[in-house]
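Undergrad: Residue-level listing of the chains:
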Amino acid sequence: MQTTFVAICYIATFGGIGLLTAAMMRRARRLADKVPPEDRPWI
Amino acid sequence: MSDERTKSRAAGGPTSTTFTRALGLATLIGLIWFVAFGLFFSPDDEVQGKGVRILYIHVPTAWLAYLAFVVTAVASAAYVWKRTRSLTWDRIAGASAEVGVLFMGITLLTGSLWGRLSWGTYWVWDSRVTTTTFLFITYVGYLAVRNLGGSHHQRAKRSAIIALLAVLEIPLVHFSVTWWRPLHQGESVASGKLSGLMLFSFFIGMIVFTMLYVWLVLHRQRVLAMEDALDDRGLEDALAARRSEAVDAGATR
Chain A
131 MQTTFVAICY IATFGGIGLL TAAMMRRARR LADKVPPEDR PWI
Chain B
95 MSDERTKSRA AGGPTSTTFT RALGLATLIG LIWFVAFGLF FSPDDEVQGK GVRILYIHVP
155 TAWLAYLAFV VTAVASAAYV WKRTRSLTWD RIAGASAEVG VLFMGITLLT GSLWGRLSWG
215 TYWVWDSRVT TTTFLFITYV GYLAVRNLGG SHHQRAKRSA IIALLAVLEI PLVHFSVTWW
275 RPLHQGESVA SGKLSGLMLF SFFIGMIVFT MLYVWLVLHR QRVLAMEDAL DDRGLEDALA
335 ARRSEAVDAG ATR
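The listed protein sequences derive, respectively, from chains A and B. In our numbering, each residue carries its 1-based index in the first sequence increased by 130. In our numbering, each residue carries its 1-based index in the second sequence increased by 94.
No lab work stands behind these hints: they were computed from the structure. Just so it is clear, CB atoms sit at the ideal spot from N, CA and C, and this is done for glycine as well. One or more hints might be untrue.
A short, non-exhaustive set of chain A residues, derived as facing chain B with CB atoms under 8 Å [as the list claims (entries may be wrong)]:
(1) 139
(2) 141
(3) 155
(4) 158
(5) 159
(6) 161
(7) 162
(8) 165
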């Protein structure tokens with residue numbers, strides 16, 4: 131039971147972070163097609 | 095696919111810079127180390143057995159959530175103060191709150207599972223657990239308020255006020271274990287309960303999750319900047335279209 135719970139914790143943590151990161155990157159790529167470079171001062 | 099898009103993909107994404115790419119790589123390597131130490135190299139605890147491995151995630155994510163909400167408050171204060179007023183501060187506040195909510199959600203989930211192993215139940219109306227949940231709900235509300243509409247400055251003003259009030263909950267959550275003596279344990283690290291490889295694994299978690307937080311906030315606030323820029327351009331285009339219609343109507347009269 132302990133091993134299962136520890137595994138769920140690690141999978142949920144990194145799965146959640148991975149999903150957020152993937153969604154953020156996808157959104158960034160979509161926006162970059164519409165927003166001109168002058169509105170992106172970091173590039 | 096445009097040349098610009100191909101270039102940004104090759105460079106690691108449209109919100110990347112040399113710094114964020116280096117930080118992202120270091121974080122990824124750190125996370126591999128963290129999982130290796132957290133799951134395999136660190137020993138089991140005498141009392142909690144394998145359950146102690148949840149601590150390496152639970153405590154760093156809780157601290158990072160606190161840090162994220164404090165950053166949200168500081169950035170909000172910088173926006174409210176006239177000398178430093180800039181929508182960049184508002185976007186940093188929003189990005190930090192989003193990452194903080196993610197970390198706080200992970201804290202609650204891992205805490206619930208750890209509670210089942212330690213206390214025999216997933217949930218208890220303990221002061222630390224209850225105040226943490228209240229803090230989580232408050233910041234979910236903060237994110238909801240950010241999406242209410244209006245101009246960017248209206249959004250920034252109303253969310254800054256909420257952020258400056260919401261941060262006052264953090265001392266309540268943190269000191270709840272001292273003030274009310276709940277079921278939730280007190281400090282494990284400062285009291286010297288961790289040592290050797292267990293302490294090392296814990297500190298790897300603290301460092302790696304902090305790096306991850308910085309990386310996520312930098313990218314997220316750039317995504318928010320692009321969303322704001324797109325909103326502004328949409329508004330400018332709509333105004334230009336209305337002016338053009340008005341000119342055409344005047345010419346036909």
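Undergrad: Against this structure, judge whether each hint is valid.
TA: Cross-check of the supplied hints:
no. : hint : in the structure
1   : 139  : 5 Å, holds
2   : 141  : 11 Å, violated
3   : 155  : 6 Å, holds
4   : 158  : 5 Å, holds
5   : 159  : 6 Å, holds
6   : 161  : 4 Å, holds
7   : 162  : 3 Å, holds
8   : 165  : 5 Å, holds
Figure legend: structure checked against the earlier numbered hints; the only hint not met is number 2.
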